[in-house]
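Colleague: Residues per chain are reported as follows:
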Amino acid sequence: MRRLRFLSIPYWFWMGLFVLIPTLILIILAFSNLNIYNPDSFQFTLDNFRIFSENYLLKALTNSLYLSVITTVICFLIGYPVAFYLTTLSASVRRIWLSLLIVPLWANMLLRIFAWEKIFTPGSIFSDLTGINIDLLGSIPGVIIGMIGMYLPFMIFPIFSVLEKMDFSLIEAAKDLGATDFEVFRKVVFPLSIGGVVSGVIMTMLPAMTSFVLPERIGLAKYNLIGNIIHSKFMKEVMGSGALSINVGSLISILLMIFSVISFIIVTRFDKEGETLI
Amino acid sequence: MKKRRRRLQILKGIGIFFTSITFLLLYVPILLILVLSVNNSSRSYGWEGFTIKWYTTLFTDDIMREPIMNTLSIALLSTLIATVLGTIFAIGIHSLQKKQRIRLVLMNNIPVVNPDIVTGISLMIIFSILSFTLGYFTVLIAHVFFSIPYVVLNILPKLKRLDANLYEAGLDLGCSRLGGIWRVILPNISTGIITGALMAFTMSIDDFVITYFNSGNEYMNVSTWLYAKLAREGRSSLTPVAYAYNTIIFILTIFIIVFINRKTERKEKLI
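Here the protein sequences come in this chain order: A and B.
Residue numbers for the first sequence follow my numbering, so the first one is 277 and each next one is one higher.
Residue numbers for the second sequence follow my numbering, so the first one is 5 and each next one is one higher.
Source of the hints: derived by calculation from the structure; they are not laboratory data.
Just so it is clear, the structure is predicted and the values come from calculations on it, not from any experiment.
Careful, some of the hints might be misleading.
Computed list of lysine-lysine pairs in BS3-like fashion (alpha-carbon distance at most 27 Å, straight line) [as the list claims (entries may be wrong)]: (1) B/K103 to A/K441; (2) B/K164 to A/K441; (3) A/K451 to B/K7; (4) A/K463 to A/K441; (5) A/K441 to A/K451; (6) B/K102 to B/K7; (7) A/K463 to B/K267; (8) A/K441 to B/K162; (9) A/K512 to A/K335; (10) B/K164 to B/K103; (11) B/K162 to A/K498; (12) A/K512 to B/K7; (13) B/K233 to B/K57; (14) A/K441 to B/K16; (15) A/K512 to A/K498; (16) B/K103 to A/K463; (17) A/K335 to A/K441; (18) B/K57 to B/K164; (19) B/K102 to B/K57; (20) B/K102 to A/K441; (21) A/K441 to B/K267; (22) B/K16 to A/K451; (23) B/K162 to B/K103; (24) B/K162 to B/K267; (25) A/K451 to A/K463.
Here are the in silico distance ranges between beta carbons for each label pair [unchecked claim]: (26) B/I67 to A/A367: 22 to 30 Å; (27) A/V369 to B/G238: 39 to 47 Å; (28) A/N314 to B/R187: 48 to 56 Å; (29) B/R11 to A/A367: 22 to 30 Å; (30) A/R462 to B/K57: 52 to 60 Å.
Glycine included, every Cβ here is placed at the ideal spot set by N, Cα and C.
Let the sequences and hints guide you as you build the complete structure.
Modeller: Right, dumping it as structure tokens:
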């Protein structure tokens, strides 16, 4: 099939245009006063870095890290046993459960967030129907539960996909050799599933960290995340304080990109072909 | 032996416990959307009886017509384009030597791992540099862009399973280069193409973040329409028609996917 290599050439250009060039422009924007909507002349400057002395940004960074780490840890603690449990089921039953895990993702993300809003409001239709009053709107636990509800499947799928391929006779072998259940897990099962765990952690943590509608709605905009700051710099403040907000926004996006590049490198160390990504 | 069985039962219990939590977290909001779509109250504070009037309003009234049409047309068109391009690129990638292949797959995976907001902003930047006016066209390109990597990722494993000599054999037997793709490669990777296309479609129809950054002031899909309405008019402005729309799309998606899964399953068995 060597003759078909030429088919991959346009993809390089396509990716160059939509991934590499925008990244370069973002870097230039972050280190200069270039006005993207009126690009005449510009100077390189480090002025944009002043944002890091702003309290609201530091607050948003810590919020993002804190909320996404807690969400990811809980997703892992729930998701791993679920992924493992699924592999113990027979193939046909497993298929059904798996599809049931995917199905909720087909509902509109915004409407799912609005639904959580109602669940967390006392006296809403949810409490009218179930008699349960939950008052978590505008609270940290509310935001975290909402995030878990949104991103949990992204933890389960990659872990499941590696566990599914695992040779289960290894467990028997380890047991026959005298390993306890915990040792089997720690020395056999977990190391074999690490690729899926890494993908799962990143596929949960990055979206949680960068979400902006969820903290805005369920958190009542009390807790800003990086996503909220970027959103505001690129969409809201542009009208008021001029184009420099885009430069500051670019700087924060670059920061986020560095984070996602690091994650990306970690994922590809375990999974070169991206098989755990779908 | 007894002890071991007991331990297994405890492990199974833990599995069932966490699986129940998972389903609770995933399905309570979905069920609530379902309930809201048949609730006879426009402000949805409480249950006021069953109605299907929101479903009929959806088809007779104009309130959501434009965003719905926009969403569906972008989803169909972008899926079509992304599937064709993704298939071509996947075949190209698969034919590369190992080192280059891994490099391009890496590139392919960047948009998959990147947070939506970064992808959205990158595209917005490139569109403003190219001085494209944000609207239908830029949203279409954006959706094609984020869909292609998923199509590629779905097709590559199928190509891996395909014997490379088959294509050469096809050429030896008189196929042209393109004819060989059409007659030898495509039939063998069709299940990957279909699942890739389905993935692209379901992501396009629900996308909010990337559309939001690339749609400008005029164009709106259902998600950005909902978001703008809520930001402008507050929570009580959300019409139950939106829940009805979502429920219909949701059920349609389930039917389509079950139907296609059945078909591909049969096909996989034949191969």
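Colleague: Now look at each hint and say whether the structure bears it out.
Modeller: Do the hints match the structure? See the list:
1. Distance hint between B/K103 and A/K441 is fulfilled; the C-alpha atoms sit about 25 Å from each other, no more than 27 Å.
2. Under the criterion of a C-alpha separation no larger than 27 Å, the hint pairing B/K164 with A/K441 is consistent with the structure, at around 17 Å.
3. Between A/K451 and B/K7 the alpha-carbon distance is near 14 Å, which keeps this suggested pair within the 27 Å criterion.
4. In summary, the hint linking A/K463 to A/K441 is supported, as the alpha carbons are separated by about 17 Å, within the 27 Å threshold.
5. A C-alpha spacing of about 19 Å is found between A/K441 and A/K451, which places the hinted pair at or below 27 Å, so the restraint holds.
6. For the proposed pair B/K102 and B/K7, the alpha carbon gap of about 50 Å is over 27 Å, so the pair is violated.
7. A threshold of 27 Å between alpha carbons decides the hint, and for A/K463 with B/K267 the separation of about 41 Å lies outside it, so the pair is violated.
8. Between the alpha carbons of A/K441 and B/K162 the distance comes to roughly 17 Å, so the proposed pair stays at or under 27 Å and holds.
9. In summary, the hint linking A/K512 to A/K335 is supported, as the alpha carbons are separated by about 19 Å, within the 27 Å threshold.
10. Restraint check for B/K164 and B/K103: the C-alpha separation of about 16 Å stays at or below 27 Å, so the hint holds.
11. Restraint check for B/K162 and A/K498: the C-alpha separation of about 47 Å exceeds 27 Å, so the hint is violated.
12. Restraint check for A/K512 and B/K7: the C-alpha separation of about 63 Å exceeds 27 Å, so the hint is violated.
13. Among the hinted pairs, B/K233 with B/K57 is consistent with the structure: their alpha-carbon atoms are about 21 Å apart, no more than 27 Å.
14. This hinted pair checks out: A/K441 and B/K16 have alpha carbons roughly 20 Å apart, not beyond 27 Å.
15. Taken as a hint, the A/K512 and A/K498 pair is honoured in the structure, with Cα atoms around 17 Å apart against an allowance of 27 Å.
16. Proximity of B/K103 to A/K463 is assessed by CA-CA distance (about 32 Å); at most 27 Å being required, the pair is judged violated.
17. For the given pair, A/K335 sits about 42 Å from A/K441 by alpha-carbon distance, which is inconsistent with the 27 Å threshold.
18. Restraint check for B/K57 and B/K164: not satisfied, since their Cα atoms lie roughly 51 Å apart, outside the 27 Å limit.
19. For the proposed pair B/K102 and B/K57, the alpha carbon gap of about 58 Å is over 27 Å, so the pair is violated.
20. Under the criterion of a C-alpha separation no larger than 27 Å, the hint pairing B/K102 with A/K441 is consistent with the structure, at around 23 Å.
21. For the proposed pair A/K441 and B/K267, the alpha carbon gap of about 24 Å is at most 27 Å, so the pair holds.
22. Pair hint B/K16 plus A/K451 holds up; C-alpha atoms about 18 Å apart against a cutoff of 27 Å.
23. Of the supplied pair hints, the one linking B/K162 and B/K103 holds, its CA atoms being roughly 20 Å apart against a limit of 27 Å.
24. Between B/K162 and B/K267 the CA atoms are separated by roughly 17 Å; this keeps the pair inside 27 Å, and the hint holds.
25. Pair hint A/K451 plus A/K463 holds up; C-alpha atoms about 11 Å apart against a cutoff of 27 Å.
26. For B/I67 paired with A/A367, a C-beta distance near 46 Å fails the hint of 22 to 30 Å.
27. Checked against the hint of 39 to 47 Å, the C-beta distance between A/V369 and B/G238 comes to roughly 45 Å, which is consistent with it.
28. At about 54 Å, the beta-carbon gap between A/N314 and B/R187 stays in the expected band of 48 to 56 Å.
29. Separated by about 25 Å at the C-beta atoms, B/R11 and A/A367 satisfy the suggested range of 22 to 30 Å.
30. Judged by the Cβ atoms, the range 52 to 60 Å given for A/R462 and B/K57 holds: they are separated by roughly 58 Å.
Checked against the numbered hints above, the structure breaks hints 6, 7, 11, 12, 16, 17, 18, 19 and 26 and satisfies the rest.
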